[in-house]
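Colleague: Make a model of the complete structure from these sequences and hints.
In the order they appear, the protein sequences are chains A and B. Heads up: the first sequence begins at 0 in numbering that gives the first Met the number 0, then just goes up one per residue. Heads up: the second sequence begins at 0 in numbering that gives the first Met the number 0, then just goes up one per residue.
No wet-lab data here; the hints were simulated from the structure. Since the model is a prediction, treat every value here as computed from it, not as a measurement. One thing to keep in mind: the hints can contain errors.
Stated by the list, open to error - With a cut-off of at most 25 Å between alpha-carbon atoms, the simulated BS3-like pairs for lysine-lysine come out as follows:
no.	chain 1	residue 1	chain 2	residue 2
1	B	K199	A	K265
2	A	K211	B	K199
3	B	K199	A	K267
4	A	K192	B	K199
As the list claims (entries may be wrong) - Distance windows between CB atoms, simulated:
no.	chain 1	residue 1	chain 2	residue 2	range
5	A	K163	B	G59	53 to 61 Å
6	B	R54	A	E234	42 to 50 Å
7	B	Q12	A	K235	28 to 36 Å
Glycine included, C-beta positions come from ideal geometry on N, C-alpha and C.
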Amino acid sequence: MKKSFIRIQSIIFCIALFLMLGATQSPVCAEESKDVILSTTTSTVDSGLLDDLIPVFEKKTGYRVKTISVGTGQALAMGEKGEADVLLVHAPAAEKKLVDASVVINYQLVMHNDFIIVGPASDPAKIKGKTALDAFKAIDAASAVFISRGDDSGTHKKEQSLWKDANVTPTGKPWYHESGQGMGATVLMASEKVGYTLTDRATYLAQKANLKLDILSEGDKPLLNIYHVMQVNPEKFSKVNAAGAKAFVEFMIAPDTQKMIGEFGKAKYGASLFFPDAVK
Amino acid sequence: MNIFTEGLQSAFQMLRSLDPDVLSITWRTIHVSTVATFISILIGIPIGTILALTRFRGRGVLVSLINFGMGLPPVVVGLATWLMLTRYGPLGMFNLLYTPTAIIMAQAVIASPIVAGFSLAAIQSLNPKMLLQIQALGTTRFQYLMLLLWEARLGILSAVIAGFGGVISEVGASMMVGGNIRGYTRVLTTATVLEVSKGKFELATALSIILLALTFVIVSLLSFLQQRKSAFR
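Modeller: Listed below in structure tokens is the structure:
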């Protein structure tokens, strides 16, 4: 009895393994060097920018980009572990640590847009037109609802540094909510809860039709949102796709791509969502 | 409310116009979930059968483990699979992370205990007198097993339906190990999550409706199979 069971089981196991490998359309090992894992922030995906750029890159170079959209914190952590080949993120202070530790190389400025503080038109904390720091202080003073990303993303890091500069500790206060989700989901939550939030302009414009939120504070210097692209150091991690990552970095800073970035969203939203910075 | 009706409309529109993106996502969902269910059948039914027919020390613990596994949270399975498959993880050399195969693996892990648990219950609830009768007919071991599974087919098909329902509705593991890559590992559930975070509710609703319809069709087929066979009794 036992023996025949073992035999049947081993046959079944082989069939299963065969099915699993055979069923996948692409062979698992052969294409390994063709895949580039891009770890990036939710804003570049949720705004639709990468949906425009990636197909162009794939067509030009023949690489296949696997875009993993996470918060900048996780994107950087994936770089630190060598689990991604190339990073496109927006937290310069945190990025600098990786550059200094030479975890990443070929560190290039790509583009910027800006963060804005959005909130309900009724503006209960009266922050309209205030600088970022004053706005945050006013939100605290009025105990107005504020939705934070709370996910260690680039936007969250920026928000935390603003609270710190405003000398406010919001964590644990009843009006401070951490969504733990991407930017798109977070602005929606702010809209539904009639609260304030810090967002990048691109996500806000892309989502605007669904939101009952106005831009209340903008244009302040600390609100600049800068994106860098960088490749994970192949000398530290033997398994990264160095050639593919290098091609992607070069693609992002190439004049044609930079022009596409500048044009992106103009037709749909009447304004650029990102401003190219690599070509001066 | 109008989001829902608009969603319905755009769902039909997308299906009628055979939107290539949506079609490929739908096809991928069918493919991944059926292969995962099939693997879980190959793993789950033998385990369920063995546990139902044998008595040995530690069997009780195994049965509890299977029953515990029926409630495995997909995100936990996703995380475990992710950790196994990362480049520098134990199975990193196969380069499986962020591939459809990775999703299939995670989903098979989710569904196997469900199939095993249901099969175990189905076979154990067969009348023991009937089992003796079958043996008395002088069947070979293989014939005995086949007859057994045939008699338990109602419960076994329920096991398959439950396993399939577990994987097609699952989003956490697919997101984590598949990465929701456009045109490669994006399935209906992860696409829905993405479209919601983009604020495209009509598209998200349309995808949900397609997912529901798809699940309904497949489960109906299985139910039909189940009920038709039982009518012959």
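Colleague: Are the hints correct? Go through all of them and say.
Modeller: Hint check:
no. : hint                         : result
1   : B/K199 <-> A/K265            : holds (19 Å)
2   : A/K211 <-> B/K199            : holds (15 Å)
3   : B/K199 <-> A/K267            : holds (15 Å)
4   : A/K192 <-> B/K199            : holds (19 Å)
5   : A/K163 <-> B/G59: 53 to 61 Å : holds (56 Å)
6   : B/R54 <-> A/E234: 42 to 50 Å : violated (58 Å)
7   : B/Q12 <-> A/K235: 28 to 36 Å : violated (49 Å)
Violated hints, listed in ascending order, are 6, 7; each of the other numbered hints is respected by the structure.
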